[in-house]
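Put together the whole structure using the sequences plus the hints.
Residues per chain, in single letters:
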Amino acid sequence: MNEIYTFINSVLLGTTPIMWAALGCLFAHRAGIYQLGLEGLMLIGAFASIGGALAFGSAWAGIALAIAVCVLMSALFWLVVVILKANAIIAGLGLVGVGVGGTSFLQNVIFHTSGAVVAKATVPSPVPGTATGPAAILASLSLLVYLMPIAAIVVWLIARRSTFGLRVAATGQYPFAANAAGVKVQVVQLLALCIAGAMAAIGGSELSVGSLHAFSYDMTAGVGYVAFTAVLFGKEAPWGVVVASLVFGVATALGIFGEIHAVFGLPLEFLQMTPYVVTILALWFAGWRWPHAGNASAGAFAELQE
Amino acid sequence: MNWHHGVSSAGRVLVALVIALVLVSIAFQTGGYSATGTWSAVLTGAVTGPGSLEATLRYALPLAFIAIGVTVSFRGGFFNAGAQGQFYAGGIVSLYLALVLPASMGGTLVAFVALIAGAFAGALWSIIPGILRIFFNVDEVIGTLMFSFIAIYLVTYVSTGPLKSPTAGGQVAVTRSVPAAVRVTPSSGLSVEMVVAVLLVGIVVWWLLHRTRFGFEIGLVGRNPIMAEVQGVEIRRIGLATFAVTGFTAGLAGAVEVLGPVGNILSGYDPNIGLTAILVALVGVLAVSGALVAAVLFGGLTAASLYLPLAIGLPSTSLVFMTGLISMLVTARLGWGKWPQRVWHGGDRRSKALHDWGESKPLQTGNAGTKLEPITLDRPGSVGSRA
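Protein sequence lines correspond, in order, to chains A and B. Per the working numbering, the very first residue in the first sequence carries number 1; after that it's consecutive. Per the working numbering, the very first residue in the second sequence carries number 307; after that it's consecutive.
By construction, these hints were calculated from the structure, which means they are not laboratory data. Wrong hints could be hidden among the right ones.
[As the list claims (entries may be wrong)] Partial pick of chain B residues on the chain A-facing surface, computed with a CB cut under 7 Å:
#1 337
#2 385
#3 447
#4 456
#5 467
#6 614
#7 618
#8 621
#9 624
#10 629
#11 634
#12 638
[As the list claims (entries may be wrong)] Which chain B residues stay away from chain A? Per the calculated CB distances, all over 12 Å, these:
#13 405
#14 438
#15 452
#16 494
[Said to hold, decoys possible] Distance windows between CB atoms, simulated:
#17 5/A - 346/B: 55 to 63 Å
#18 5/A - 615/B: 38 to 46 Å
#19 161/A - 516/B: 54 to 62 Å
#20 8/A - 612/B: 39 to 47 Å
#21 58/A - 533/B: 52 to 60 Å
#22 516/B - 166/A: 43 to 51 Å
#23 115/A - 518/B: 50 to 58 Å
Backbone N, C-alpha and C fix where the C-beta goes; we use that ideal spot for every residue, glycine too.
In structure tokens form, the structure reads like this:
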């Protein structure tokens, strides 16, 4: 039975950063901007939250700092992509480089180490730590895990049941019509990117001050790309993204499960590939036509064209 | 791409480089490292120091190989972002062959076979996401990136598993070393043969791009896939070929690295070459000659990045920060030029419009009715300015 609890634990740990980042990135995609820099933003968020937590002695202050920094970076990304009309894919890969190199540089400048930076203050769990049995696993999870369903509902409300959400979708689907209807297309894109940045920051914080309690060089290791894919896989619909994130969370947990228990005698490395293989398969399935494909912004990619 | 187009793109790239340099200098200065001191250290590490120029060319070599291939893909509008994985695939296969082929074959022959096999392995590693992109509509940026991650675990697997060196101690697992007779370069990483090889690849690709029907069709597909399809270009064939060429050169680069200066594969071996090589191709304004020049520039930066920790204690990864900044700015419209377009996919609204509009059959590049989408929309900004 313990193994089942451990597995559920790893599913939740794997899903949380992906879902936070993917739910935010959803807005960027719906507004018609391919935010591939998510990986870099998560890394920056992970680093800033550790830095803030160490400086202010509170994980929440760390997360606030992470959100501020990532919103700023998203605004810069908006400047480059929307105003200066750079190619979003290349600029996104560049943002990943800025995240990897920048955090590594600051890690050396601030903490004088290229190894791990250990968090002193971490996100608490709502379940008291004295619990035993299955509840002990609940107690080991950070509050950000428990906030995940609330975030999903709020994102659904904003994306599908609010004027702003409608404007975002209109911007992504047909910017001419949106513009003609009086939507300030570029402002909506800025807001969408900033929401994506803020939620990527929370996802990154979950990795550093939430679950691993440390920061190390390039610690996201592709989680940002997986979250990006979750948005594509989820057809840019909030509940689709939730399901996609869960699928990737299970894939991650399977990889971890394989590290502990030898499965089919396969070498460890092959099991660790699971999330990446599942990502590719997911994109393949996403190309299929679901009966209710949601309000996906099909014309979104046109935005990036010159 | 006519000559003044090339010049204007080069001007734009220079502006991006200068802005990135200024921003990085500010970051270094605020981080407590003197900007002038840093750049003079970069100059020492890349050009003026003892053996620096050699190191610059040594790091330019793999970058040039990959960037030449990436140029082909990007000209065709396919964003092959997985050079790192293709590099690993080439390295692993060439190392394996260098270790298992009998020495009686002669070192030169073994090296030749291993290099070619490595290049083909890279091509295979590239063409799988290529097939997924072209026949199953799996976005090639994500597909190639995921294949890179898979390749990283393959590297860990071979260095800790089948090819593991039984003698090497220490904390990091490493494979057995390539026999000295099979090495294509001395440990400095430079040899006449390899410089000739990179020039040869450059000339062949230039000839392909500018003097053959294939190259012409790549240009057509990159500029306007719908037009190309209407004109009778087989987009699928062209797409697969560009994926293969990119993978081939990236695999060759991996093979040259492993059979040359590196000589084995370390667990967690990361030359950080994928993004840099894409950047080399873009800074080289997607021309073969430009890629060669830009490769020397970024080779110099790589050489310097290894010198910086020793000279002024700056982590070598901080230059990734700079390449990232350049990458963010290099395609920005800072006044001049235009880049070839990406073949976008998804949605069928406008493909249907195209279908209604002409006799041309809708582009059938995906399964279940997903088609290449003709892009005729302008940006929202220009709408506002027109209104």
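Against the structure, the hints:
{"no.": "1", "hint": "337", "in the structure": "4 Å, holds"}
{"no.": "2", "hint": "385", "in the structure": "6 Å, holds"}
{"no.": "3", "hint": "447", "in the structure": "6 Å, holds"}
{"no.": "4", "hint": "456", "in the structure": "5 Å, holds"}
{"no.": "5", "hint": "467", "in the structure": "6 Å, holds"}
{"no.": "6", "hint": "614", "in the structure": "11 Å, violated"}
{"no.": "7", "hint": "618", "in the structure": "11 Å, violated"}
{"no.": "8", "hint": "621", "in the structure": "5 Å, holds"}
{"no.": "9", "hint": "624", "in the structure": "4 Å, holds"}
{"no.": "10", "hint": "629", "in the structure": "5 Å, holds"}
{"no.": "11", "hint": "634", "in the structure": "4 Å, holds"}
{"no.": "12", "hint": "638", "in the structure": "4 Å, holds"}
{"no.": "13", "hint": "405", "in the structure": "19 Å, holds"}
{"no.": "14", "hint": "438", "in the structure": "7 Å, violated"}
{"no.": "15", "hint": "452", "in the structure": "4 Å, violated"}
{"no.": "16", "hint": "494", "in the structure": "27 Å, holds"}
{"no.": "17", "hint": "5/A - 346/B: 55 to 63 Å", "in the structure": "58 Å, holds"}
{"no.": "18", "hint": "5/A - 615/B: 38 to 46 Å", "in the structure": "44 Å, holds"}
{"no.": "19", "hint": "161/A - 516/B: 54 to 62 Å", "in the structure": "55 Å, holds"}
{"no.": "20", "hint": "8/A - 612/B: 39 to 47 Å", "in the structure": "45 Å, holds"}
{"no.": "21", "hint": "58/A - 533/B: 52 to 60 Å", "in the structure": "58 Å, holds"}
{"no.": "22", "hint": "516/B - 166/A: 43 to 51 Å", "in the structure": "49 Å, holds"}
{"no.": "23", "hint": "115/A - 518/B: 50 to 58 Å", "in the structure": "52 Å, holds"}
Hints 6, 7, 14 and 15, counting from the list given before, are not met by this structure.
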